[in-house]
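Chemist: Position one of the sequence shown corresponds to residue 0 (numbering that gives the first Met the number 0), numbered consecutively onward.
Calculated directly from the structure, the hints in this document are not laboratory data.
Take these hints with a grain of salt, some might be off.
For each label pair, taking beta carbons as the anchor points, the in silico distance ranges come out as [claimed, not checked]:
1. G173 to R61: 15 to 21 angstroms
2. H178 to A25: 33 to 39 angstroms
3. R175 to P63: 31 to 37 angstroms
4. G123 to A71: 31 to 37 angstroms
5. Q145 to V105: 26 to 32 angstroms
6. P63 to P24: 18 to 24 angstroms
7. L153 to E67: 25 to 31 angstroms
We put the CB at the ideal spot given by N, CA and C, even for glycine.
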Amino acid sequence: MLLDLSSTLRGRRRAAASALVVAFPAIDEAVGDLRRRLDPTARQGMPAHVTILSPFATPSGREPGAIERLEARLGALPAFTVAFRRIGWFDQRVLYLVPEPAGPFVELTQTAAREFPAFPPYGGRFATVLPHLTIGEDAAPRRLHQAVRAVEALLPLDATAGSVWLMDDDGRAGWRRAHAIELRSS
0 MLLDLSSTLR
10 GRRRAAASAL
20 VVAFPAIDEA
30 VGDLRRRLDP
40 TARQGMPAHV
50 TILSPFATPS
60 GREPGAIERL
70 EARLGALPAF
80 TVAFRRIGWF
90 DQRVLYLVPE
100 PAGPFVELTQ
110 TAAREFPAFP
120 PYGGRFATVL
130 PHLTIGEDAA
140 PRRLHQAVRA
150 VEALLPLDAT
160 AGSVWLMDDD
170 GRAGWRRAHA
180 IELRSS
């Protein structure tokens with residue numbers, strides 16, 4: 000998840016934010032220490048996750064019925080298993096785990112974006128949705144490269160994508176789960 004966190008790191012109040020994510024608490028147990036050292040959002044309470052839609056409407060900007068619409072659209076999609084077997088990079092500044100299969104994450108993203116076109120994935124900055132679970136972002140390159148060895152020793156990591164979490168950050172207290180949308184059981 001690519002966010003401007005520079006004001007946070009200097010101790011200033013961040014802007015309120017919201018995101019839809021598939022969180023992986025079990026994977027957070029495995030890589031959480033690394034993420035807290037290398038990813039500012041982890042230090043702010045964001046669990047290990049694959050982003051579905053970010054940014055999303057903040058609580059004050061969320062239209063009435065938005066959660067019910069998310070429940071109806073995303074809750075109709077099936078839960079699925081996912082494996083993280085390899086590492087990827089975005090421009091040597093973001094270290095991430097590659098989810099396999101990626102297709103169900105793309106389907107969740109496209110479904111949410113169709114339902115809420117005012118919130119394109121990543122604010123419309125990227126033409127292609129590339130699902131990923133961030134381990135580190137904008138940390139010193141040496142630290143990111145050292146993390147590769149530690150993460151590779153943990154692979155593969157397997158999990159179930161069973162729900163989409165609506166995460167809110169009011170700009171003061173950090174990220175918190177505001178709502179969980181259960182995906183359809185197989």
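Chemist: Any hints from earlier that this structure breaks? Give me their numbers in increasing order, please.
Modeler: 2, 3, 4, 6 and 7
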